[in-house]
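*Asks:* So the protein lines, in turn, are chains V and B.
The numbering used here applies: residue 49 is where the first sequence begins, and numbers increase by one.
The numbering used here applies: residue 49 is where the second sequence begins, and numbers increase by one.
It cannot be assumed that every hint is accurate.
All copies of an identical chain are treated as equivalent in the list; a pair is satisfied when it fits inside any one copy or across any two copies.
For lysine to aspartate or glutamate, the following EDC-like pairs were computed, each having C-alpha atoms within a straight-line distance of at most 16 Å [as the list claims (entries may be wrong)]: (1) 51 with 88; (2) 121 with 133; (3) 102 with 74; (4) 102 with 133; (5) 97 with 152.
None of these hints come from the bench; they were simulated from the model.
As the structure is a prediction and not an experimental result, all values here were calculated from the model.
There are 2 protein chains.
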Amino acid sequence: MAKLYHVPLSPFCRKVRLSLAEKKIECELIEEKYWEKDPDFLRRNPAAKVPVLKIDGRTMAESAAICEYLEEKYPAPPLMPRSLDARYEVRRLVGWFDDKFHNEVTSKLLYERVNKKVTKQGFPDSGNVKAGAKAIKYHLDYMAWLLDHRRWLAGDTMTLADFAAAAHLSSLDYIRDVDWNRSAVVKDWYAKIKSRPAFRSILADQVPGFPQPPHYADLDF
Amino acid sequence: MAKLYHVPLSPFCRKVRLSLAEKKIECELIEEKYWEKDPDFLRRNPAAKVPVLKIDGRTMAESAAICEYLEEKYPAPPLMPRSLDARYEVRRLVGWFDDKFHNEVTSKLLYERVNKKVTKQGFPDSGNVKAGAKAIKYHLDYMAWLLDHRRWLAGDTMTLADFAAAAHLSSLDYIRDVDWNRSAVVKDWYAKIKSRPAFRSILADQVPGFPQPPHYADLDF
Chain V
49 MAKLYHVPLS
59 PFCRKVRLSL
69 AEKKIECELI
79 EEKYWEKDPD
89 FLRRNPAAKV
99 PVLKIDGRTM
109 AESAAICEYL
119 EEKYPAPPLM
129 PRSLDARYEV
139 RRLVGWFDDK
149 FHNEVTSKLL
159 YERVNKKVTK
169 QGFPDSGNVK
179 AGAKAIKYHL
189 DYMAWLLDHR
199 RWLAGDTMTL
209 ADFAAAAHLS
219 SLDYIRDVDW
229 NRSAVVKDWY
239 AKIKSRPAFR
249 SILADQVPGF
259 PQPPHYADLD
269 F
Chain B
49 MAKLYHVPLS
59 PFCRKVRLSL
69 AEKKIECELI
79 EEKYWEKDPD
89 FLRRNPAAKV
99 PVLKIDGRTM
109 AESAAICEYL
119 EEKYPAPPLM
129 PRSLDARYEV
139 RRLVGWFDDK
149 FHNEVTSKLL
159 YERVNKKVTK
169 QGFPDSGNVK
179 AGAKAIKYHL
189 DYMAWLLDHR
199 RWLAGDTMTL
209 ADFAAAAHLS
219 SLDYIRDVDW
229 NRSAVVKDWY
239 AKIKSRPAFR
249 SILADQVPGF
259 PQPPHYADLD
269 F
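Start from the sequences, fold in the hints, and give me the full structure.
*Replies:* Below, the structure is given as structure tokens:
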């Protein structure tokens, strides 16, 4: 069986977990305290990051490379559309969330509030938290603008772009940092994705020291 | 003709320029002072980043998404191998350079020394410069370890992984931040890639206030 070394609230791990689950690839989840730099873990991934996936006799790192591999090796159900233009749009949005959203929002809210405490690196920087709380509004509005024209973020089918976005937002939702009242279309989109069987393991996550808020796993949030 | 909005020393732009040139796609280069947030530019790319490529009637952003698009639309000559394992390895290494190397080296040397001056954001932070100068050694050693086993970074053919790495290293070489004496195999690899016709435009780059050092464009450096 495949093994995924992960941490529960990492959006990069969650994107891979969603891809695996959607494609019904059974996978054992192993929590990895990557910041402790255990030598065995560094052998698995010299970049010292999660996710690390053991599958098909290989050990893989880098969530974008892993998701493209899973798509090529296990194409059903597809998380990438067929047309080149649509594939570009999916990858652009994955980049948007994993780079821009990550830098402007996730690293400023989740990493300040949770990762710093878990890895014993001190207290949240209030300037960063403020900047993240401001930036997420702009990103939710951008998603709303996309979803006004489309059923899913990258077009009319659910793709890896939706999983990338949902991975970040679900981790932020765990720490109550998403205002779902800001946009009805974004809330509807999240309700749709949240109700998929692939999302169940993510809704069951528990992080010691950070109790799960009641609305987090509620499909009618 | 295609148009690329870029800045000369951006490794993300250079990776796209190398892909375009290797595939012999003619492209007009337009320097874009993205930090001035010109409204026309923001319309082209709401992420306010370069590169932005106008091609095939579309305007595209995110260098990883652009390069995958170019590969799918203009497959010759290929910059991605055929086998799934090899494709994974290319994407893993592109991620390694564009994420890890970028954060640990490029942002700490190039952005401190050049981007801060060009965008009038003050002086280089000496702690960052020191950290970047230390980290690049580790990365060069990692490349040497890969190249001890392989002709090119991801395997026996030249791929997008080589272009991603060469894009970062060439920009750092412009500001004399690469010690080519550290590893003979890395130097040989760079000599091979530097002598390709696709590299010519990069070797001709000039940045006002930062004169090109003599070894930079010398194929026998």
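*Asks:* Go through the numbered hints given earlier and state which of them the structure violates, listing their numbers in rising order.
*Replies:* Hint check: nothing fails, all pass.
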